[in-house]
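Number of protein chains: 2
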Amino acid sequence: MDRRQLARDLTAIENGELQVDDHHGLIVAITGPPGVGKSCIVDGVLHRLAPKHNIAVLAVDPTSPLSGGALLGDRIRLSVLDDSSKSESIYVRSIATRSSSGSIPSIIKDLASHLLANNFDLVLIETVGAGQSEMRCAAVANRIIVIEGPARGDGIQAEKAGLLELADLIVVNKSDLDGAERVVNDLTISLSLTNDAPPIIRTSAITGEGLDELSDLILSVEERNSSKRARARQQLLMAHENRIIRKPAFDTILDRMSEEGLSVKDALRELDE
Amino acid sequence: MDRRQLARDLTAIENGELQVDDHHGLIVAITGPPGVGKSCIVDGVLHRLAPKHNIAVLAVDPTSPLSGGALLGDRIRLSVLDDSSKSESIYVRSIATRSSSGSIPSIIKDLASHLLANNFDLVLIETVGAGQSEMRCAAVANRIIVIEGPARGDGIQAEKAGLLELADLIVVNKSDLDGAERVVNDLTISLSLTNDAPPIIRTSAITGEGLDELSDLILSVEERNSSKRARARQQLLMAHENRIIRKPAFDTILDRMSEEGLSVKDALRELDE
Numbered sequence: 001m002d003r004r005q006l007a008r009d010l011t012a013i014e015n016g017e018l019q020v021d022d023h024h025g026l027i028v029a030i031t032g033p034p035g036v037g038k039s040c041i042v043d044g045v046l047h048r049l050a051p052k053h054n055i056a057v058l059a060v061d062p063t064s065p066l067s068g069g070a071l072l073g074d075r076i077r078l079s080v081l082d083d084s085s086k087s088e089s090i091y092v093r094s095i096a097t098r099s100s101s102g103s104i105p106s107i108i109k110d111l112a113s114h115l116l117a118n119n120f121d122l123v124l125i126e127t128v129g130a131g132q133s134e135m136r137c138a139a140v141a142n143r144i145i146v147i148e149g150p151a152r153g154d155g156i157q158a159e160k161a162g163l164l165e166l167a168d169l170i171v172v173n174k175s176d177l178d179g180a181e182r183v184v185n186d187l188t189i190s191l192s193l194t195n196d197a198p199p200i201i202r203t204s205a206i207t208g209e210g211l212d213e214l215s216d217l218i219l220s221v222e223e224r225n226s227s228k229r230a231r232a233r234q235q236l237l238m239a240h241e242n243r244i245i246r247k248p249a250f251d252t253i254l255d256r257m258s259e260e261g262l263s264v265k266d267a268l269r270e271l272d273e
Numbered sequence: 001m002d003r004r005q006l007a008r009d010l011t012a013i014e015n016g017e018l019q020v021d022d023h024h025g026l027i028v029a030i031t032g033p034p035g036v037g038k039s040c041i042v043d044g045v046l047h048r049l050a051p052k053h054n055i056a057v058l059a060v061d062p063t064s065p066l067s068g069g070a071l072l073g074d075r076i077r078l079s080v081l082d083d084s085s086k087s088e089s090i091y092v093r094s095i096a097t098r099s100s101s102g103s104i105p106s107i108i109k110d111l112a113s114h115l116l117a118n119n120f121d122l123v124l125i126e127t128v129g130a131g132q133s134e135m136r137c138a139a140v141a142n143r144i145i146v147i148e149g150p151a152r153g154d155g156i157q158a159e160k161a162g163l164l165e166l167a168d169l170i171v172v173n174k175s176d177l178d179g180a181e182r183v184v185n186d187l188t189i190s191l192s193l194t195n196d197a198p199p200i201i202r203t204s205a206i207t208g209e210g211l212d213e214l215s216d217l218i219l220s221v222e223e224r225n226s227s228k229r230a231r232a233r234q235q236l237l238m239a240h241e242n243r244i245i246r247k248p249a250f251d252t253i254l255d256r257m258s259e260e261g262l263s264v265k266d267a268l269r270e271l272d273e
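Line by line, the protein sequences are chains Z and D.
Position one of the first sequence corresponds to residue 1 (my numbering), numbered consecutively onward.
Position one of the second sequence corresponds to residue 1 (my numbering), numbered consecutively onward.
These are calculated hints, taken from the structure and not from any lab test.
Warning: the hint list may mix true and false statements.
Distance condition first, Cα-Cα at most 25 Å in a straight line; then the derived BS3-like pairs of lysine-lysine [as the list claims (entries may be wrong)]:
(1) D/Lys-265 x Z/Lys-228
(2) D/Lys-228 x Z/Lys-247
(3) D/Lys-247 x Z/Lys-228
In this text the structure is predicted, and so the values were computed from the model without any measurement.
Make a model of the complete structure from these sequences and hints.
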């Protein structure tokens with residue numbers, strides 16, 4: 001497909017100008033706390049899966065409304081895109097979560113459906129596992145891979161962010177650094193209480209450890225029952241939330257709550273009318 | 001008030017066995033990414049405000065359902081509690097977010113109301129600014145203080161988590177470490193685009209810098225219009241979400257979604273009936 005046409009279509013979807021039917025296919029979320037090396041992992045995986053597979057990457061930045069997209073300057077630079085034998089089967093798009101409108105996950109779902117319908121056999125969603133709507137972005141996927149970094153002395157970050165229940169696979173990245181072993185051990189202990197624990201692997205962008213295995217697993221990892229249910233929950237709550245956020249009166253009601261002291265109860269009643 | 005009776009009441013509130021009326025008073029959320037030193041800040045503030053003020057601390061741990069509370073072992077150890085001249089005016093309670101039932105923020109609101117009605121003049125909510133329900137816990141407060149740490153090379157963590165819009169005050173902690181200066185600069189630049197930017201101060205538990213100022217500001221910081229609106233939004237969405245989560249059929253519907261492939265649309269329709 002013509003890339004420029006594809007880009008135009010995706011922009012139209014983002015702007016709500018193009019309706020998209022659901023399209024089945026493999027959507028894998030790569031999520032985890034800030035700074036664990038998600039972009040490097042995505043780069044390593046693309047090097048291994050392209051050009052055999054056509055892969056689209058949707059990079060979701062939880063940019064605050066205050067910064068208005070400034071973080072995009074730091075956006076991932078994928079070395080795989082410098083390799084012309086591979087870059088033609090890869091498409092990368094950044095999605096800025098400009099407003100907390102709550103509809104970003106729906107947009108991502110539509111973008112992923114459109115990409116799957118247009119010759120991509122895999123969509124990767126890269127999202128920071130922190131902040132309110134991030135779990136819902138991940139829940140759009142069929143499989144969720146949670147990336148964790150080596151211990152920094154403040155516990156398992158993914159656990160603190162409530163991400164573990166969503167994981168079909170856990171990757172401890174930067175395995176070349178001190179502290180990776182401890183995180184693997186801590187995770188193993190935490191997960192030993194469950195009978196549906198996701199597998200844990202180690203990766204390192206420096207040594208290349210685990211990246212072949214991870215690339216295989218992205219195509220083949222099994223869905224856990226508990227992550228499936230956790231994703232269903234996120235999807236249901238997201239759809240429920242969209243019903244109220246999309247009401248024309250929503251913004252006015254918020255103004256009246258903050259400026260005139262309209263109560264939550266009365267706000268809901270007015271929105272129900 | 002008798003501490004044992006207070007503890008019993010709070011447990012009854014957590015279990016939904018005791019109804020609580022809203023009670024006005026100062027509720028301040030202390031939030032920020034994992035590892036920035038929120039507990040040390042709380043400790044430093046308690047040393048300064050007790051025993052002049054009666055202060056309750058609600059410490060919210062976003063423990064994953066998988067770990068079932070294991071993180072509580074790391075729970076804050078407040079040095080101020082070793083000082084008997086101050087500890088009598090301080091009450092600390094940990095709230096484990098055992099299930100992602102979505103009702104934790106409501107429970108916190110009720111706990112805070114009960115504490116304010118029982119002679120506490122300040123309730124501090126300590127919550128990790130990461131994960132889905134965390135912003136909603138913070139939104140229960142009248143004022144939100146966002147703690148940030150020194151730069152670790154991966155940008156402003158609070159910005160990534162979407163916390164800045166909620167902040168009435170930003171604290172850059174560990175100001176004795178390299179990288180604190182850079183975070184202050186980055187935050188100043190990010191916030192320069194807004195006409196309603198929160199003040200930024202520096203603190204260090206090591207040198208004591210800024211802790212007197214922060215203690216004063218906790219009692220006096222002004223509410224920003226934009227944070228007020230952001231909190232109203234969280235409160236409204238939380239109340240809306242509770243309407244569906246509390247339906248008796250909710251869990252069964254989730255089972256049918258994950259086990260029988262019930263669609264989101266049909267799930268919502270059944271829950272509406």
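Hint by hint, here is what the structure shows:
no., hint, verdict
1, D/Lys-265 x Z/Lys-228, "17 Å, holds"
2, D/Lys-228 x Z/Lys-247, "21 Å, holds"
3, D/Lys-247 x Z/Lys-228, "21 Å, holds"
In summary, the structure agrees with every hint in the numbered list given earlier.
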